[in-house]
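Number of protein chains: 2
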Amino acid sequence: MPTPANRQILLAETPKDKLGPEHFRMIESALPAPKDGEVLLRVRYISLDAANRAWMQGATYREAVVGGSVMAGGAVAEVVESKAPNLAPGDLVFADTGWQDYAALPAKRLVKLPRVEPMTHLLSVYGIAGLTAYFGLLNIAEPKAGETVVVSAAAGSVGSLVGQIAKIKGCRVVGIAGGAQKCNWLTQELGFDAAVDYKTGNLFKTIKEAAPGGIDVYFDNVGGDILEACLFLMNTGGRISCCGAISAYDRAAPAAGPRGVPGLIVVKRLTMKGFIVTDFFAERDKAIADLAAWVAAGKLKVEEDVIAGLENTPAALIGLLAGENRGKRMVKVA
Amino acid sequence: MPTPANRQILLAETPKDKLGPEHFRMIESALPAPKDGEVLLRVRYISLDAANRAWMQGATYREAVVGGSVMAGGAVAEVVESKAPNLAPGDLVFADTGWQDYAALPAKRLVKLPRVEPMTHLLSVYGIAGLTAYFGLLNIAEPKAGETVVVSAAAGSVGSLVGQIAKIKGCRVVGIAGGAQKCNWLTQELGFDAAVDYKTGNLFKTIKEAAPGGIDVYFDNVGGDILEACLFLMNTGGRISCCGAISAYDRAAPAAGPRGVPGLIVVKRLTMKGFIVTDFFAERDKAIADLAAWVAAGKLKVEEDVIAGLENTPAALIGLLAGENRGKRMVKVA
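Each protein sequence line maps, in turn, to chains X and U. With positions in the first sequence counted from 1, the corresponding number in this note's numbering is that position plus 270. With positions in the second sequence counted from 1, the corresponding number in this note's numbering is that position plus 270.
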């Protein structure tokens with residue numbers, strides 16, 4: 271039996287503006303061999319996230335992905351060969367495998383995962399998306415029952431969970447998303463109280479109509495104009511959970527910041543707080559237990575958008591940045 | 271003996287752009303008569319603050335000051351006639367008397383003050399300025415020994431105290447102020463580790479030189495370009511205490527916000543938090559005790575800039591907005 275080749279997708283060059291297929295290149299390499307303390311992993315599902323694009327712009331919470339290297343990306347992968355204690359063939363792990371069929375990685379950089387059905391939930395509700403929604407809403411913004419929570423990119427992997435968790439906590443929830451179809455889905459399927467289509471009308475007016483009592487918590491996935499509009503609608507003592515800035519990722523230079531900073535922060539005594547999900551991993555077990563209980567009770571609907579084939583990963587990311595997905599987008603590699 | 275007249279300074283009209291003497295008008299009115307539950311106050315010292323200008327722009331934490339009414343302002347005042355229990359002639363109070371010689375106000379809107387020497391300290395270190403510095407630094411930003419604290423408007427009433435309190439807490443302190451004279455004063459008289467003159471050179475470069483290890487805490491009195499430069503220099507987990515936005519007060523419309531919002535807040539996991547000093551008044555006694563102990567020990571130098579004469583109050587505020595004061599500016603009325 272011939273050794274299988276390892277298909278790898280490289281970031282061919284760093285995009286200066288909008289990301290396109292021309293920035294990627296697929297090559298075939300030899301299967302990597304694990305060294306002592308390492309394991310050979312078969313990549314199963316690759317997670318796609320807006321942050322992938324931010325990594326190309328420079329150092330973030332991880333070092334920048336530079337042109338010519340395998341595109342970075344988190345994945346659920348299966349151990350096929352182990353030279354590390356505590357890991358055996360068949361074990362599932364979460365790892366930054368990058369966009370490829372196989373990866374050999376040190377065991378200490380892997381997080382062992384349980385087998386759950388469906389396996390894709392390990393990347394959505396029990397993965398970074400679910401934990402980001404959970405901690406970013408509950409630990410950073412601390413919403414109280416009766417408060418109004420607004421979330422942007424509400425039909426995305428994180429936003430769709432944020433809104434549902436806020437509902438579970440007794441809040442009034444407004445989602446901001448692109449297009450009538452996504453907005454209908456938020457209110458009719460996920461139980462949001464209202465949805466705003468950011469592609470039509472004046473943002474300030476449409477959000478104000480959907481949140482007539484003002485905003486107590488804004489979960490910000492996008493930055494830019496939507497953040498600016500929400501700042502002007504925040505109530506005194508409001509909290510903004512700064513999760514991402516999608517609007518700024520797929521473009522050349524950082525835009526000007528929102529008007530109202532810092533004036534409205536002072537006058538309304540707002541808190542804007544950034545976070546990274548790993549800050550809260552000490553509380554991970556409790557979060558997973560809560561999420562699983564809500565899923566089991568039918569209170570948390572998990573939407574997934576699974577695209578088949580490693581070769582389609584670049585297009586899947588480009589499409590995600592254009593907002594074509596609903597729920598958690600991932601690529602099934604094997 | 272003829273009844274003394276009450277000189278009153280009105281905000282003649284709401285400024286649309288830069289504040290000037292033409293926006294004020296002085297009139298003489300009859301002495302007000304206190305009703306039941308009220309006291310007649312002789313205004314002694316009027317506090318001047320950048321926030322006075324912000325009140326003219328619209329509702330803040332207080333309602334807007336509208337054209338034609340007595341200009342609002344906090345003051346130390348002395349009771350001359352009382353129709354309220356618990357207050358007697360000779361008692362000192364802090365009150366929003368407005369810019370006038372006398373005011374009749376309900377006792378419940380007054381805060382009784384102790385007699386201290388000099389009385390002016392009631393408006394500086396033991397007044398709003400001192401408490402704002404204390405709570406805004408310690409409760410909002412929570413600086414730790416060894417951290418780098420940067421403060422803007424550092425030669426002002428709040429900033430000069432913020433920097434000294436941060437030094438007392440073991441921090442490395444950088445002050446940003448306008449002009450070599452103020453900068454020298456910060457380092458040579460107040461013990462700041464470094465000072466940056468925002469009027470010369472590239473802000474980002476000069477602040478970076480003064481804070482080569484990055485910024486852990488930025489106490490922001492000004493907003494605008496200085497906030498933007500500091501955002502790019504913040505360390506991971508840094509905190510920005512949003513105290514004021516002087517740069518935006520004396521102009522027509524809110525400027526664009528700083529670049530880096532929200533991108534840098536996300537990536538560096540920053541917290542930006544606005545506050546109002548009254549949020550912390552439950553802890554006021556402890557704060558005053560700490561401040562008094564530091565003053566007594568010579569660790570906290572109190573700089574005051576006292577201008578004589580009610581009629582000079584408009585010019586004193588206009589000058590404060592232009593940055594001509596050092597330390598706490600106030601007007602001695604009587």
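Hint data in this document are derived by calculation from the structure and do not stem from the laboratory. Do not take every clue at face value.
Same chains, same label: a pair holds when it works inside one copy or across any pair of copies.
Result set (DSS-like, lysine-lysine): computed pairs, CA atoms no more than 30 Å apart in a straight line [said to hold, decoys possible]:
hint, residue 1, residue 2
1, Lys439, Lys538
2, Lys538, Lys414
3, Lys288, Lys439
4, Lys475, Lys556
We went through each hint and held it up to the structure:
1. Lys439 to Lys538: Intra 24 Å, inter 28 Å, cutoff 30 Å: intra and inter.
2. Lys538 to Lys414: Cα proximity of Lys538 and Lys414: in one copy and across copies (18 Å, 27 Å).
3. Lys288 to Lys439: neither (38 Å within a copy, 47 Å between copies)
4. Lys475 to Lys556: neither (39 Å within a copy, 45 Å between copies)
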